[in-house]
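Colleague: These protein sequence lines map, in sequence, to chains D and U. If you read the first sequence in our numbering, its first letter stands for residue 1, the second for the next number, and so on. If you read the second sequence in our numbering, its first letter stands for residue 1, the second for the next number, and so on.
Derived by calculation from the structure, the hints in this document are not laboratory data. Quick reminder that beta carbons are idealized off the backbone N, C-alpha and C, glycines included. There may be inaccurate statements among the hints.
Said to hold, decoys possible - Footprint (simulated), chain D over chain U, 3 or more residues, beta carbon under 8 Å:
no., region
1, 67 to 76
2, 90 to 104
3, 125 to 138
Stated by the list, open to error - Cut-off 25 Å, straight-line C-alpha distance, at most; resulting in silico cross-link-like pairs (SDA-like, lysine to any residue):
no., chain 1, residue 1, chain 2, residue 2
4, D, K82, D, G157
5, D, K82, U, G250
6, D, K237, D, S210
7, U, K323, U, V74
8, D, K82, U, T77
9, D, K82, U, L237
10, U, K323, D, G62
11, U, K273, U, S241
12, U, K323, D, G27
13, D, K123, U, K273
14, D, K82, U, R72
15, D, K123, U, A86
16, U, K323, D, K122
17, D, K82, U, R142
18, D, K14, U, K273
19, D, K123, U, L237
20, D, K122, U, G139
21, D, K82, D, S21
22, D, K122, D, R107
23, D, K122, U, E265
24, D, K122, U, H240
25, D, K123, U, T138
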Amino acid sequence: MIEAYGLTKRYGAKTAVYNLSFQVRPGTVTGFLGPNGSGKSTTMRMILGLDTPTSGQVTIGGHRFRGLPNAPRQVGALLDAKAVHGGRTARNHLLSLAQLSGIPARRVDEVLGVVGLQDVAKKRSGGFSLGMGQRLGIAAALLGDPQVLLFDEPVNGLDPEGILWVRNLMKRLASEGRTVFVSSHLMSEMAQTAEHLIVIGRGQLMADMSVSEFIARNSVGFARVRTPDTEPEQREKLATAVHEAGGQAQPEEDGALRVTGLALPQISDLAHHAGLRLWELSPHQASLEEAYMRLTQGSVDYRSTVDARAGLQQQPAPVPAQMPPGAPAQMPAPGQMPAPPAPGQAAPGAPGGWAPPQDAQHQGFGPAPQGPPPPTPPASQPASPHARHEGEDAR
Amino acid sequence: MSTQQQYEGPLPGHQAPPAPPAAPAPHGPQGGWPGQQNAGHQAPAAGGYTSPIPMARTHLGHALVSEWTKIRSVRSTMWTLGVMFALVVGIGLLTAVGLSGDSYTGMPLLSGGLFGLMLGQICVITLGVLVITSEYGTGMIRTTLTACPRRGRVLLAKAVVFFVLAFVMTTLACSLTALVHSTMLSGQEAPAGASGMPGTWEDGTLVASGGEWFGATVGAGLYVALLGLLSLAIGALLRHSAGAITLMLGVVLLPLVMALFMAGEALATVREKLIEFSPLNGLASLYRIPMAEDQDATGWPLLGGLACVTLVFLVLAYTLLNKRDV
């Protein structure tokens with residue numbers, strides 16, 4: 001059981017985490033979601049006593065982490081797959097950690113087998129791939145057979161087989177009654193692993209609910225129904241009929257109705273019984289990923305701009321009249337940075353200011369949509385997580 | 001970053017949530033990962049998980065064993081200590097060869113060991129810094145302090161393990177050099193009026209007194225190991241390898257270099273103090289060839305001073321380590 005009360009962390013002027021309170025219960029996998037730089041890693045570090053909160057506190061099983069008598073036997077953590085001395089072999093790395101908490105050496109070989117690294121146990125971890133590093137980090141977390149496990153982005157760099165393995169491992173650990181707290185910035189990954197979700201953005205709590213509740217609230221399927229535009233009263237009649245049948249109908253901007261809670265054939269039957277004509281009756285599905293993005297879109301710190309590649313293009317020769325006297329006429333060679341800033345790179349997403357990129361493809365995720373956003377074809381999502389800046393979480 | 005599982009289009013089905021959090025098979029990973037062993041913790045407790053393995057309370061001994069594993073399992077330890085050994089013994093041997101002969105060399109019998117150790121100490125300083133900064137540089141420190149939240153214990157274990165290792169290795173190298181020197185250079189005849197000459201004389205030949213032996217072996221080993229320990233403390237404070245090594249080289253070399261350029265009467269006192277308290281003078285005094293005015297200095301008072309300075313910086317490092325974010 002992890003309990004945080006009013007957790008706040010400031011680094012100088014930047015507030016990384018603000019007034020975060022949550023509980024992570026045993027027996028389930030709890031997903032910790034948020035965009036890059038939203039404070040996930042900072043929160044994890046505060047749970048593990050690496051960073052001291054500016055205010056508030058966090059306890060594990062009622063104790064502060066730094067007060068635990070034998071921390072690795074109670075809490076296992078994977079913070080960063082590369083938090084390893086690359087010159088040390090995998091086995092020696094784990095051995096040194098095991099000795100620190102009085103765990104016998106044969107347990108090291110055991111966890112090496114669990115994560116599938118037994119063949120490279122004698123190899124220096126510096127040559128490991130990111131996926132192997134993740135496995136080594138997971139092995140270190142499992143070393144003490146702890147009841148609380150924290151994993152910061154555990155599937156980073158893993159292949160599909162590895163992702164499946166991690167997913168099953170988490171579920172198995174939770175089913176044994178352990179507390180499993182997993183951070184990720186991928187909603188799709190969490191939807192398949194976690195039972196409970198804690199979503200943060202800009203260091204603040206945005207949602208704390210079960211996955212099924214999150215889905216129910218944010219990812220409802222709906223039907224778009226259009227009655228003839230020429231007869232607005234038909235729309236009102238249909239809306240009333242839908243309400244009477246137990247569904248919800250919300251008007252959309254273009255005059256259609258967004259109907260939830262009823263299957264398409266039922267809507268059709270309702271319209272038929274009411275003597276209404278339909279111009280459109282189509283199924284739609286707001287995905288979980290979409291719901292998550294809608295929830296966190298105001299709190300994304302890093303946004304990409306369009307790469308116009310203007311910085312590489314040759315500028316037209318400067319007009320001599322604009323040159324200072326005596327300056328030689330010069331053409332910037334390709335690769336040199338020309339003096340005027342490239343148009344596409346002028347404003348690299350200042351944090352705080354959410355300026356929509358001048359991308360024609362961008363739609364559907366405008367700032368603060370009032371009411372239901374228009375359905376978005378999933379093929380053209382400009383702000384999908386991997387398009388974002390892949391930088392470190394802001395410390 | 002894995003993107004394979006990222007977005008597979010709209011989730012299918014109107015009502016069906018994706019991946020319902022149904023009870024997962026507890027011990028049947030579908031992935032079939034090779035070597036997957038279910039370590040046999042079958043007991044799913046209702047209120048939480050309790051490991052069947054008994055839990056021991058940790059103490060400094062665990063941290064010492066762990067730090068010993070760490071220090072012996074990286075190449076930098078081998079390299080720095082190996083180079084130190086080669087420099088001290090190699091240069092000592094060359095010096096002995098160069099000075100050998102029946103005529104008096106003008107120096108106490110064992111003092112030739114200093115030249116190799118002056119270079120060799122840089123290796124020990126480097127190792128002292130790396131013991132702690134390599135953890136910061138690689139991020140290993142976060143793993144370490146997660147596994148042992150008592151940060152002071154980690155620092156203490158590192159200090160003890162490093163100090164003992166550095167002391168034993170340096171003393172060994174110095175003793176070997178001293179043996180070589182006493183074997184190859186003994187039997188130097190006393191020149192006329194030998195009573196005022198540096199060195200200990202017995203029946204007209206140059207010998208090494210017990211104090212000289214002790215200073216040139218244990219004393220030198222202790223001095224260099226303390227310098228290494230000071231480097232470790234500085235490394236813990238700066239948390240940066242290059243910065244800490246540079247600073248320590250400055251501390252060791254600069255006082256003497258600065259004194260060289262301080263000509264003139266006005267600066268005479270400053271110059272003398274710089275030379276007297278230069279770390280190199282401390283080492284030279286242990287070999288009975290002090291650089292300062294006082295030709296009878298044994299180096300032990302300076303060694304005590306170095307120990308005090310080292311202790312102060314260790315306490316400072318301990319305090320800051322407990323306070324700072326990692």
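Colleague: Next, verify each hint and record whether it holds.
Modeller: For each hint, the structure was consulted:
Only when three residues or more bring their CB closer than 8 Å to a CB of chain D does the claim for the region 67 to 76 of chain U stand; here the count is 7, and the claim holds. With a cut-off of 8 Å between beta carbons, the region 90 to 104 of chain U has 0 residues touching chain D; three or more are needed, and the interface restraint is violated. With 3 residues having a beta carbon nearer than 8 Å to a beta carbon of chain D, the region 125 to 138 of chain U meets the requirement of three or more and the stated coverage holds. A distance of roughly 12 Å separates the Cα atoms of D/K82 and D/G157; the hinted pair therefore holds under the 25 Å criterion.
Proposed proximity of D/K82 and U/G250 is contradicted: the alpha carbons are some 32 Å apart, above 25 Å. Proposed proximity of D/K237 and D/S210 is contradicted: the alpha carbons are some 36 Å apart, above 25 Å. Between the alpha carbons of U/K323 and U/V74 the distance comes to roughly 28 Å, so the proposed pair goes past 25 Å and is violated. Of the pairs offered as hints, the one joining D/K82 and U/T77 holds, with about 21 Å between alpha carbons and a cut-off of 25 Å not exceeded.
For the given pair, D/K82 sits about 23 Å from U/L237 by alpha-carbon distance, which is consistent with the 25 Å threshold. In summary, the hint linking U/K323 to D/G62 is supported, as the alpha carbons are separated by about 22 Å, within the 25 Å threshold. Simply put, U/K273 and U/S241 have alpha-carbon atoms about 30 Å apart, too far for the 25 Å limit, and the pair is violated. Distance restraint check for U/K323 and D/G27: the Cα-Cα separation of roughly 34 Å exceeds the 25 Å cut-off, and the hinted pair is therefore not satisfied.
Restraint check: the Cα-Cα separation between D/K123 and U/K273 comes to about 52 Å, which exceeds 25 Å; the hinted pair is violated. Our distance criterion of 25 Å between C-alpha atoms is met by D/K82 and U/R72, whose separation comes to about 21 Å. For the hint pairing D/K123 with U/A86, the CA-to-CA distance comes to about 28 Å; that exceeds 25 Å, so the pair is violated. The straight-line distance between the Cα atoms of U/K323 and D/K122 is roughly 36 Å, outside the 25 Å bound, and the hint therefore fails.
Simply put, D/K82 and U/R142 have alpha-carbon atoms about 10 Å apart, close enough for the 25 Å limit, and the pair holds. The straight-line distance between the Cα atoms of D/K14 and U/K273 is roughly 47 Å, outside the 25 Å bound, and the hint therefore fails. At roughly 32 Å between alpha-carbon atoms, D/K123 and U/L237 are farther apart than 25 Å, so this suggested pair is violated. At most 25 Å may separate the alpha-carbon atoms for a hinted pair to count; D/K122 and U/G139 meet this at roughly 21 Å.
At roughly 29 Å between alpha-carbon atoms, D/K82 and D/S21 are farther apart than 25 Å, so this suggested pair is violated. Among the hinted pairs, D/K122 with D/R107 is consistent with the structure: their alpha-carbon atoms are about 16 Å apart, no more than 25 Å. At roughly 63 Å between alpha-carbon atoms, D/K122 and U/E265 are farther apart than 25 Å, so this suggested pair is violated. Only pairs whose Cα atoms come within 25 Å are accepted, and D/K122 paired with U/H240 is rejected, the gap being roughly 28 Å.
The straight-line distance between the Cα atoms of D/K123 and U/T138 is roughly 17 Å, inside the 25 Å bound, and the hint therefore holds.
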